[in-house]
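So for the sequence shown, the working numbering puts the first residue at 1; every next one is plus one.
Please note that a few of the clues may not be correct.
With a cut-off of at most 20 Å between alpha-carbon atoms, the simulated SDA-like pairs for lysine to any residue come out as follows [what the hints assert, rightly or not]:
1) K240 with P275
2) K261 with G224
3) K240 with Y229
4) K130 with R217
5) K130 with E37
6) K130 with R45
7) K342 with Q294
8) K342 with N307
9) K130 with G169
Ranges between beta-carbon positions, derived for each pair [said to hold, decoys possible]:
10) P368 with T49: 28 to 36 Å
11) Q265 with H167: 28 to 36 Å
12) F127 with K175: 23 to 31 Å
13) F182 with D26: 43 to 51 Å
14) L143 with E312: 55 to 63 Å
Hint data in this document are derived by calculation from the structure and do not stem from the laboratory.
Beta carbons: idealized from backbone N, C-alpha and C, even for Gly.
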Amino acid sequence: MVPRPFKAPTIPIPFHKLLKVVAIVDRSDAQTSELLEHITSEHFRVEVTDSLTRDVNEDADVGAYIALIDGTRLEAARNLAASVRALGFRTPLWALANSHRLSDLAVTGGLGEVDGYIYLGQQTPAFYAKQVIASLVKYGLSLLPPFFGGLVAYDAAANIAFDCPGHQGGQFYRKSPAGQLFFKHFGESIFRNDLCNADVNLGDLLIHEGAAADAERHAAEVFGADQTYFVLNGTSTSNKIVTGAVLKRGDLVLFDRNNHKSLHQGALVQAGAIPIFLPTSRNAFGMIGAVDWQAWDEDYLREQIRNSPLVEDRERSNAERPFRLACIQLATYDGTIYNVRKVLEKIGHLCDYVLWDEAWIGYNAFHPLFDDHSPCASTI
């Protein structure tokens, strides 16, 4: 992965408010109790239990595990570690053992996912507490993507702004009864983090620099794109940016009739392109289906160009790539999702560019169920 740097805060990010420690231990043991007291003295939340059987799906806010292992608990500890890692979490796992023999047994027995061992009586509980906390903070920092990480660090530094927005970190709202309700409902953080883009500490989305540019590069890597640009006005504006950049008046555009109205506006109204429509199916209940399969056929599409009353030069149908752009709604409102590979096999060679509108299915690149159904993840 590309490094996700952001400016370190003057004051540490308050991970003690954001992540907790789960201690699966014998709470009656004096040294264990002292270890946990040192962690709580640093204001970290500690959830204490004696059962290694837990639903780790509910543990998204856990910053570190401390698990007591002995001869009777190794299998349960192994299952816990495997469950945490199976979710893809890199949450620090600390094994509490009373001897090196047990830790050696844990490793050879398959409990190799732990980040470290705690041998109470060898180092002080205070030292082990610092190790656990350090691992939690390191883990917390690893979770923060570039822009959000920079924003959290900026907030932790308690910066104050005297420019826009005019609510001044929410303080303006606190001056009236209605404003107090508004402020308390959302909480202070949302207003403190409502910042002007003129603050260079978080970069600039307009000229693509700093934390904003780091975030765009990171998003490109995550989604498998060559380049990513963040647009603050949603998919509608994104669609119009593409059509405005690619199309000019009179260009031919292969146009899915299920397309969002932003593409109608951007491609057909603003750019003035000529549509060759792809007919789609709808049932008696009005549910939207896919483009008719025969409509993807090359001979059919060239015939549509020749027969279009908007196309004056019929010879345009014979061009190697007659379409400047194809606009396709990758997923319909009612859940029809196209196989990208099959569609491009039919029309890819006829178009200079293909715009896939993924507004309803932005998660398709991350699940094997959608293999060949994601333009960025596809190996075409």
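- Using the beta carbons of F127 and K175, state whether their distance is inside 23 to 31 Å or not. Since F127 and K175 have Cβ atoms about 49 Å apart, the given range 23 to 31 Å is violated.
- Task: Would you mind confirming whether the straight-line C-alpha gap from K342 to Q294 stays at or under 20 Å?
- Result: Given that 20 Å is the threshold and the Cα spacing comes to 13 Å, the pair holds.
- Message: Check the hint pairing K261 with G224 against an upper bound of 20 Å on the C-alpha distance.
- Response: violated (27 Å)
- Task: Sort out whether R217 lies within 20 Å of K130, counting only the CA atoms.
- Result: violated (34 Å)
- Message: Can you confirm whether the C-alpha distance between K130 and E37 stays at or below 20 Å?
- Response: holds (12 Å)
- Task: Note whether the CB distance of Q265 and H167 lies within 28 to 36 Å or breaks it.
- Result: holds (33 Å)
- Query: Is the straight-line distance between the alpha-carbon of K240 and that of P275 20 Å or less?
  - Reply: holds (16 Å)
- Message: Verify the CB-CB distance for L143 and E312 against the hinted window 55 to 63 Å.
- Response: holds (58 Å)
- Task: Given the hint that K130 pairs with G169, test it: the Cα-Cα distance must not exceed 20 Å.
- Result: The hint is violated at about 34 Å.
- Message: For K130 and R45, compute the direct alpha-carbon distance and say whether it is at most 20 Å.
- Response: holds (14 Å)
- Message: Assuming the hint says 28 to 36 Å, is it satisfied by the Cβ distance from P368 to T49 or not?
- Response: 34 Å Cβ-Cβ, so the 28 to 36 Å window holds.
- Keeping to a limit of 20 Å between CA atoms, is the pair of K342 and N307 held or broken? Outside the cut-off at roughly 26 Å; violated.
The structure fails to meet hints 2, 4, 8, 9, 12 from the earlier list, while all remaining hints are met.
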